[in-house]
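Chemist: Now for the letters of each chain:
Protein chains: 2
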Amino acid sequence: MDLWYSENHTENVKFSLRIKEHLFSDKSDFQRIDILKTYEYGNLMTLDGLVMVTEKDEFVYHDMIVHPSMAINPDIKNVLVIGGGDGGTVRELMKYPSIEHVDMVEIDRMVVEASRKYFPAISCELDNEKVTVLYEDGIKFVKDKEDVYDLILIDSTDPIGPGEGLFTTEFYNDCYRALKENGILVNQNETPIYDNFFEVGISSNIKLKKMFPIVKAYQASIPTYPGGYWLFNFASKKYDPINDLKADRWNSLELRTKYYNTELHKGAFALPNYVKEKFENGNV
Amino acid sequence: MDLWYSENHTENVKFSLRIKEHLFSDKSDFQRIDILKTYEYGNLMTLDGLVMVTEKDEFVYHDMIVHPSMAINPDIKNVLVIGGGDGGTVRELMKYPSIEHVDMVEIDRMVVEASRKYFPAISCELDNEKVTVLYEDGIKFVKDKEDVYDLILIDSTDPIGPGEGLFTTEFYNDCYRALKENGILVNQNETPIYDNFFEVGISSNIKLKKMFPIVKAYQASIPTYPGGYWLFNFASKKYDPINDLKADRWNSLELRTKYYNTELHKGAFALPNYVKEKFENGNV
Numbered sequence: 001m002d003l004w005y006s007e008n009h010t011e012n013v014k015f016s017l018r019i020k021e022h023l024f025s026d027k028s029d030f031q032r033i034d035i036l037k038t039y040e041y042g043n044l045m046t047l048d049g050l051v052m053v054t055e056k057d058e059f060v061y062h063d064m065i066v067h068p069s070m071a072i073n074p075d076i077k078n079v080l081v082i083g084g085g086d087g088g089t090v091r092e093l094m095k096y097p098s099i100e101h102v103d104m105v106e107i108d109r110m111v112v113e114a115s116r117k118y119f120p121a122i123s124c125e126l127d128n129e130k131v132t133v134l135y136e137d138g139i140k141f142v143k144d145k146e147d148v149y150d151l152i153l154i155d156s157t158d159p160i161g162p163g164e165g166l167f168t169t170e171f172y173n174d175c176y177r178a179l180k181e182n183g184i185l186v187n188q189n190e191t192p193i194y195d196n197f198f199e200v201g202i203s204s205n206i207k208l209k210k211m212f213p214i215v216k217a218y219q220a221s222i223p224t225y226p227g228g229y230w231l232f233n234f235a236s237k238k239y240d241p242i243n244d245l246k247a248d249r250w251n252s253l254e255l256r257t258k259y260y261n262t263e264l265h266k267g268a269f270a271l272p273n274y275v276k277e278k279f280e281n282g283n284v
Numbered sequence: 001m002d003l004w005y006s007e008n009h010t011e012n013v014k015f016s017l018r019i020k021e022h023l024f025s026d027k028s029d030f031q032r033i034d035i036l037k038t039y040e041y042g043n044l045m046t047l048d049g050l051v052m053v054t055e056k057d058e059f060v061y062h063d064m065i066v067h068p069s070m071a072i073n074p075d076i077k078n079v080l081v082i083g084g085g086d087g088g089t090v091r092e093l094m095k096y097p098s099i100e101h102v103d104m105v106e107i108d109r110m111v112v113e114a115s116r117k118y119f120p121a122i123s124c125e126l127d128n129e130k131v132t133v134l135y136e137d138g139i140k141f142v143k144d145k146e147d148v149y150d151l152i153l154i155d156s157t158d159p160i161g162p163g164e165g166l167f168t169t170e171f172y173n174d175c176y177r178a179l180k181e182n183g184i185l186v187n188q189n190e191t192p193i194y195d196n197f198f199e200v201g202i203s204s205n206i207k208l209k210k211m212f213p214i215v216k217a218y219q220a221s222i223p224t225y226p227g228g229y230w231l232f233n234f235a236s237k238k239y240d241p242i243n244d245l246k247a248d249r250w251n252s253l254e255l256r257t258k259y260y261n262t263e264l265h266k267g268a269f270a271l272p273n274y275v276k277e278k279f280e281n282g283n284v
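The listed protein sequences correspond, in order, to chains A and B. Mapping of the first sequence onto our numbering: position 64 corresponds to residue 64, and the numbering continues sequentially without gaps. Mapping of the second sequence onto our numbering: position 247 corresponds to residue 247, and the numbering continues sequentially without gaps.
Derived by calculation from the structure, the hints in this document are not laboratory data. Careful, some of the hints might be misleading.
Computed list of lysine to aspartate or glutamate pairs in EDC-like fashion (alpha-carbon distance at most 16 Å, straight line) [to be verified]:
no.	chain 1	residue 1	chain 2	residue 2
1	A	Lys276	B	Glu40
2	A	Lys216	A	Asp240
3	A	Lys20	B	Glu11
4	A	Lys14	B	Glu263
5	B	Lys14	A	Asp240
6	A	Lys266	B	Glu263
Which chain A residues face chain B? A few, computed with CB under 10 Å, are given here [claimed, not checked]:
no.	residue
7	Ser6
8	Thr10
9	Leu17
10	Ile19
11	Tyr39
12	Glu40
13	Ala220
14	Ser221
15	Ile222
16	Tyr229
17	Tyr259
18	His265
19	Pro272
20	Asn273
21	Val275
Below, a sample of chain B positions facing chain A; criterion: calculated Cβ distance under 7 Å [stated by the list, open to error]:
no.	residue
22	Glu40
23	Ser221
24	Tyr229
25	Tyr259
26	Asn261
27	Ala270
28	Asn283
Remember, predicted model here, so these are calculated numbers, not experimental data. C-beta atoms are modelled at their ideal positions from N, C-alpha and C, and glycine is treated no differently.
Using the sequences and the hints given, assemble the complete structure.
Modeler: The following block contains the structure:
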């Protein structure tokens, strides 16, 4: 049987993967979850029909949501992950002996259970004793936190469905308060290639700039995400992402990373002119 | 009518664009040429069914095949473009008053004619008096050239059909001889995302290293190319792409570029670990 999965990146652009087997499909209280075995990208998880993670290229996203901040402040000890139910972000964080504790707040238990079963190489550190997995709404979770975390990683879906409240000024304010005085926040910030995505990315960047003194976007090449090109926001109370990079110290840790390195770190913050201009103009 | 164009990036991955109108289709002596009007990417040219250029994202490829070398050696005067029939590479070269002459050797006159008609904003400098367009086989053209060019840009298709001979050691040797003692060669070097492409890219890189003392790959995010992520080889007799970057001098020219800038220049050469390792290992 010639079985294909397709994602519409816009109503006029479609990305399709040939499928060996539809391994899992269920509806949680929050979203529809599917696991597909692809020929090219290994196992694939979709939420409400959109690509979240594949075995072949997940390393790009997970390297880039975690390692830049850890190389800027190697003294990070206490981390909050909002979302991140597949476990890849936690896996990368657990490479650092200096990290003492991670709270991972994932609203959807079924995402974690599916990842444990179908993505063992991604979810492998969720039982680490340094990690607490909480099945709660991240928006409510941060409301009463103050001066607790060195780093908050917002590893969310796009702002439709359960991810919607994770792109608001109110939520960012709560995160700001939950961070210590040296705190860093990183969120996934969509693709600049398609306007429907980048409107969200620009709006998120503008909201973060209202409270954080340092907000810089950075980029990575993720082939299964729309445009093959994805942005993150780095928002920081104190550290500059380039001037405060501790390259020698990070390299002395001798971590094995498949995407990230400290030269690429600097390159990731060097955006193309058209992306810089859209951020500066505040619209697509 | 719901009309879609699809390109198979591998037999298991497909990229599709919704089409307003099929503007042109013909078979030249070398390949099939189609022009499609897309909703998302403006006009699109395919050769033998594969995406070559779109109005929306052509600026990435054309910026990146031209400007890095020009920022490394601002004294480039005489340039050879092999292929490049759409005219975008010549358009970027014509931004430099210091360039005295460009030979563009395109085997397929029909590509140039189609670009003149359907891509006026790309082909707009082909009649510049500094440019000679030759409808010849680039492989034969370079055979008897010696010490002529400061820069050779191989703006080719993939190594199937007329592009095949542009990935051989013999051709690279002829290019090396055609270059002056400070000469630079750049070629498009495929995507590292899919093995069928990257085998070609690695092989090209290895062949160039046999003759050029400095060969470094660099990257760009091109959403309509396979993987959304494309590589170029920078091969040079004398100049190092980072140490010899003349950022201040390039910026003093005040050129308008939509993708390239001198910070991104350095970032483009900072490859992810998995790409560096594959180049070092010499296989995918």
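Chemist: Indicate, hint by hint, whether the structure satisfies it.
Modeler: The hints, checked one at a time:
With a CA separation close to 21 Å, the supplied pair Lys276 of chain A and Glu40 of chain B exceeds the 16 Å bound. A threshold of 16 Å between alpha carbons decides the hint, and for Lys216 of chain A with Asp240 of chain A the separation of about 9 Å falls inside it, so the pair holds. Between Lys20 of chain A and Glu11 of chain B, the direct Cα distance comes to roughly 13 Å. Compliance with the 16 Å bound is thereby established for this hinted pair. For the proposed pair Lys14 of chain A and Glu263 of chain B, the alpha carbon gap of about 32 Å is over 16 Å, so the pair is violated.
Note on Lys14 of chain B and Asp240 of chain A: the hinted pairing is violated, with a Cα-Cα distance of about 40 Å set against a maximum of 16 Å. Between Lys266 of chain A and Glu263 of chain B, the direct Cα distance comes to roughly 9 Å. Compliance with the 16 Å bound is thereby established for this hinted pair. Annotation: interface hint on Ser6 of chain A holds; nearest CB of chain B at approximately 8 Å, less than 10 Å. Proximity of Thr10 of chain A to chain B holds as hinted, the smallest CB-CB distance being about 6 Å (cut-off 10 Å).
With 10 Å as the threshold, the beta carbon of Leu17 of chain A comes within range of chain B, its nearest partner Cβ sitting at about 6 Å, so the hint holds. Checking Ile19 of chain A against chain B: minimum C-beta separation of about 9 Å stays under 10 Å; hint holds. The closest approach between the C-beta of Tyr39 of chain A and any C-beta of chain B is roughly 4 Å, which is under the 10 Å cut-off, so the hint is satisfied. Because the beta carbon of Glu40 of chain A sits about 4 Å from the nearest beta carbon in chain B, less than 10 Å, this interface hint is met.
A least Cβ separation of about 8 Å between Ala220 of chain A and chain B falls short of the 10 Å threshold, and the interface hint therefore holds. At about 4 Å, the closest approach between the beta carbon of Ser221 of chain A and any beta carbon in chain B falls short of 10 Å, and the interface hint on this residue holds. Because the smallest distance between the Cβ of Ile222 of chain A and any Cβ of chain B comes to about 8 Å, under 10 Å, the interface hint for this residue holds. Interface restraint check for Tyr229 of chain A: the shortest CB-CB distance to chain B comes to about 4 Å, inside 10 Å, so the restraint holds.
Hint status for Tyr259 of chain A: holds, given a least beta-carbon distance of 4 Å to chain B, under 10 Å. Nearest Cβ of chain B to the Cβ of His265 of chain A: about 8 Å, under the 10 Å cut. The hint holds. The interface hint given for Pro272 of chain A is met, as the beta carbon of that residue sits about 4 Å from the closest beta carbon of chain B, less than 10 Å. The criterion of a C-beta within 10 Å of any C-beta in chain B is met by Asn273 of chain A, whose closest approach is roughly 6 Å, and the hint holds.
Nearest Cβ of chain B to the Cβ of Val275 of chain A: about 9 Å, under the 10 Å cut. The hint holds. Taken as an interface hint, Glu40 of chain B checks out: its beta carbon lies about 4 Å from the nearest beta carbon of chain A, inside 7 Å. Proximity of Ser221 of chain B to chain A holds as hinted, the smallest CB-CB distance being about 4 Å (cut-off 7 Å). Evaluation of the Tyr229 of chain B hint against chain A yields a held restraint, the C-beta minimum of about 4 Å falling below 7 Å.
Residue-level restraint check for Tyr259 of chain B holds (minimum Cβ-Cβ distance to chain A is 4 Å; threshold 7 Å). Using the Cβ-Cβ criterion of 7 Å, the hint placing Asn261 of chain B at the interface with chain A is satisfied: the shortest such distance is roughly 6 Å. At its closest, the beta carbon of Ala270 of chain B sits 4 Å from a beta carbon of chain A; the interface hint therefore holds under the 7 Å criterion. Restraint check, Asn283 of chain B versus chain A: the minimum CB separation of about 16 Å is more than 7 Å; hint violated.
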